[in-house]
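With chain A's structure known, arrange chain B on it following the hints.
Number of protein chains: 2
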Amino acid sequence: MRKLSHQEIAKQRYTIEQLNYEKRFPIYVLLDNIRSLYNVGSIFRTADGARIAKLFLCGFTPHPPRKEIEKTALGATNSVPWEYHKDPVELLTRLKIEGVNICALEHTDKSIPYFELPDDAFPLCLIIGNEITGISKELVALADIAVDIPMFGMKQSLNAAVAFGIAAFEFARKANRL
Amino acid sequence: MRKLSHQEIAKQRYTIEQLNYEKRFPIYVLLDNIRSLYNVGSIFRTADGARIAKLFLCGFTPHPPRKEIEKTALGATNSVPWEYHKDPVELLTRLKIEGVNICALEHTDKSIPYFELPDDAFPLCLIIGNEITGISKELVALADIAVDIPMFGMKQSLNAAVAFGIAAFEFARKANRL
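First to last, the sequence lines map onto chains A and B.
Positions 1 to 178 (the numbering used here) are the ones given, in order, by the first sequence.
Positions 1001 to 1178 (the numbering used here) are the ones given, in order, by the second sequence.
By construction, these hints were calculated from the structure, which means they are not laboratory data.
Some clues are possibly wrong.
Below are the DSS-like pairs computed for lysine-lysine, each with C-alpha atoms no more than 27 Å apart in a straight line [unchecked claim]:
#, chain 1, residue 1, chain 2, residue 2
1, A, K110, B, K1174
2, B, K1137, A, K11
3, A, K110, B, K1011
4, B, K1174, A, K174
5, B, K1155, A, K71
6, B, K1011, A, K137
7, A, K67, B, K1067
8, B, K1011, A, K11
Which chain A residues stay away from chain B? Per the calculated CB distances, all over 10 Å, these [as the list claims (entries may be wrong)]:
#, residue
9, L37
10, P64
11, R66
12, K67
13, T93
14, S111
15, N159
16, R173
Covered stretches of chain B, as calculated for chain A (at least 3 residues, CB under 8 Å) [claimed, not checked]:
#, stretch
17, 1003-1013
18, 1167-1176
Glycine residues also receive a C-beta, built at the ideal position from the N, C-alpha and C atoms.
Next comes chain A alone, as it looks inside the complex (with noise of 0.2 Å):
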């Protein structure tokens, strides 16, 4: 087999203007309090390739324009739609009230597996929670849905950036199936 040149990937981009006018994905993405800049750079870059409809960043998130998440977001943070909110409990409220679903990512007493999402899950607005801590009881608290990576090692947790990603895919893959 051979390698694709950049030109010919080049040729399967889409721009901005297309990005535009193609139909995003009923995914929000919340992130909550996540701490590292280069997280959030590379959740930008993920939440890109995986055409969500909007990226929620809360509490104490950083948020561009900081050279450090550029450093892993490479100018995802033009092409994902984005705000900040400092108070998640109002957002998600507001947000449940026009019918999006909240899911949380997170090891709860009600959590299935990610890749078992129903179909009537969307429009849904996933939380990524801190880096160490997780998702805060008041926020899971709020969640309709709870969902988690099953893991098959030692260690109970990937890089936040990484599960996001591994979850961001499977959402996005199943809203494409509908």
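Only chain B this time, still in chain A's reference frame:
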């Protein structure tokens, strides 16, 4: 719903002793010229979670012990079997002789979506290439299968550690079902 406590989550964890008895999935991973120490550490952490058989660090990919790798591996360098091989061609040639399918995560003229990996693809060795240049043409030419991650946005690639996580967890889930 209720967030699980650290004690409740810890109960579900494997110990290193248990991991050595549990059958690992028939998934080898080869990192070819990965530049970032943090990506290598993050890949170790994800490789633990996906219980892969072995991680091969090749070319100029840094290997333990390095404190920057530990910063993101968080101990997974102890639970994931790994080897350093300067020359990936020699290693892949030996694996092919042993019946291992070589699987490139790369944009090629024959790439299939990562979620369409055939059940009979195992045992396989997943190659992850350099952050900027991808997998070398020489290694792509040795591959039996190529997979890529369909991208829905403006950008045509993900961070290497995130892309690895998406492919590795899909492959582990498939191997776990077989």
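Going through the hints against the structure:
no., hint, result
1, A/K110 / B/K1174, "holds, 23 Å"
2, B/K1137 / A/K11, "holds, 20 Å"
3, A/K110 / B/K1011, "holds, 17 Å"
4, B/K1174 / A/K174, "holds, 17 Å"
5, B/K1155 / A/K71, "holds, 14 Å"
6, B/K1011 / A/K137, "holds, 20 Å"
7, A/K67 / B/K1067, "holds, 24 Å"
8, B/K1011 / A/K11, "violated, 49 Å"
9, L37, "holds, 13 Å"
10, P64, "holds, 16 Å"
11, R66, "holds, 17 Å"
12, K67, "holds, 17 Å"
13, T93, "holds, 17 Å"
14, S111, "violated, 8 Å"
15, N159, "violated, 5 Å"
16, R173, "violated, 7 Å"
17, 1003-1013, "holds (count 7)"
18, 1167-1176, "holds (count 4)"
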